[in-house]
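**Student:** Residue strings, one per chain:
Protein chains: 2
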Amino acid sequence: MIRNTKSQVVIQNCRGGVGSIEIHNKITKEDLVDGLSLFAKVVIHPHSTIGYHLHTDDAEAYYLLEGEGVFLNHDKERIEVKAGDLCLIKKGQSHGFENHSDSEVQIIAIVY
Amino acid sequence: MIRNTKSQVVIQNCRGGVGSIEIHNKITKEDLVDGLSLFAKVVIHPHSTIGYHLHTDDAEAYYLLEGEGVFLNHDKERIEVKAGDLCLIKKGQSHGFENHSDSEVQIIAIVY
Chain A
845 MIRNTKSQVV IQNCRGGVGS IEIHNKITKE DLVDGLSLFA KVVIHPHSTI GYHLHTDDAE
905 AYYLLEGEGV FLNHDKERIE VKAGDLCLIK KGQSHGFENH SDSEVQIIAI VY
Chain B
845 MIRNTKSQVV IQNCRGGVGS IEIHNKITKE DLVDGLSLFA KVVIHPHSTI GYHLHTDDAE
905 AYYLLEGEGV FLNHDKERIE VKAGDLCLIK KGQSHGFENH SDSEVQIIAI VY
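As given, the protein sequences belong to chains A and B, one line each in that order. All residue numbers for the first sequence refer to the working numbering, where the first residue is 845 and numbers rise by one. All residue numbers for the second sequence refer to the working numbering, where the first residue is 845 and numbers rise by one.
Think of the hints as simulated: they come from the structure by calculation, not from any bench. Any given hint could turn out to be false.
Which copy is meant is left open, so a pair is good if it fits within one copy or across any two.
[As the list claims (entries may be wrong)] When the alpha-carbon atoms are kept at most 30 Å apart in a straight line, the in silico DSS-like pairs for lysine-lysine are as follows:
#, residue 1, residue 2
1, K873, K934
2, K920, K850
3, K934, K920
4, K926, K850
5, K926, K885
6, K850, K873
7, K934, K850
8, K935, K920
9, K920, K885
10, K935, K850
All chains should be built: construct the whole structure from the sequences, respecting the hints.
**Tutor:** Written out as structure tokens, the structure reads:
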């Protein structure tokens, strides 16, 4: 199965964060991909963030394709990350992401 | 948890294919990431392929970051794909990938 939904959604103040992000979903809930509920390219605009939020029933990974940012882990530690880094949380943990730079940050986000 | 193992393995004739590929694993089995057994950037060199092979116990997704190639699906149909496309197989299905071009193809491969 090949998917590329061309869906593009701009979200302001994602999860209580600041600024805006773009979500390009590659699969939809209707695709019913067992074991994978989200596969998306996400663009975090300059000086924008994804607020710290909880994953009750699933795990998530952010893989940085481009740019540099700050990963906020479950313990609310702020960790500097760059292209090539994979940021993981387990089911039941929380996380967030901050782009304090003048350039956009591109990531792949998967929820599984 | 942040992972970027810097691991780089070159494999010749992957899964019975031709030429060579590079696998940059971001997680290892020791990381014990529940629900995700592989997250890797894979480079398929020019005129190289990943041979058609079966996934008995897990599903896999290939996401094309760069380049153009041919996805060989479970039914052995050859489908042209390009950067931005997501190629999915379910548990119990088979797949392969062919790069017939003069440029490398970069993908993210996840097994879940």
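**Student:** All hints are to be evaluated individually against the structure, with a verdict given for each.
**Tutor:** Hint check results:
no.	hint	verdict
1	K873 / K934	both (21 Å within a copy, 15 Å between copies)
2	K920 / K850	between (33 Å within a copy, 26 Å between copies)
3	K934 / K920	within (14 Å within a copy, 35 Å between copies)
4	K926 / K850	both (26 Å within a copy, 13 Å between copies)
5	K926 / K885	both (16 Å within a copy, 15 Å between copies)
6	K850 / K873	within (15 Å within a copy, 34 Å between copies)
7	K934 / K850	both (29 Å within a copy, 22 Å between copies)
8	K935 / K920	within (16 Å within a copy, 36 Å between copies)
9	K920 / K885	both (24 Å within a copy, 28 Å between copies)
10	K935 / K850	both (28 Å within a copy, 26 Å between copies)
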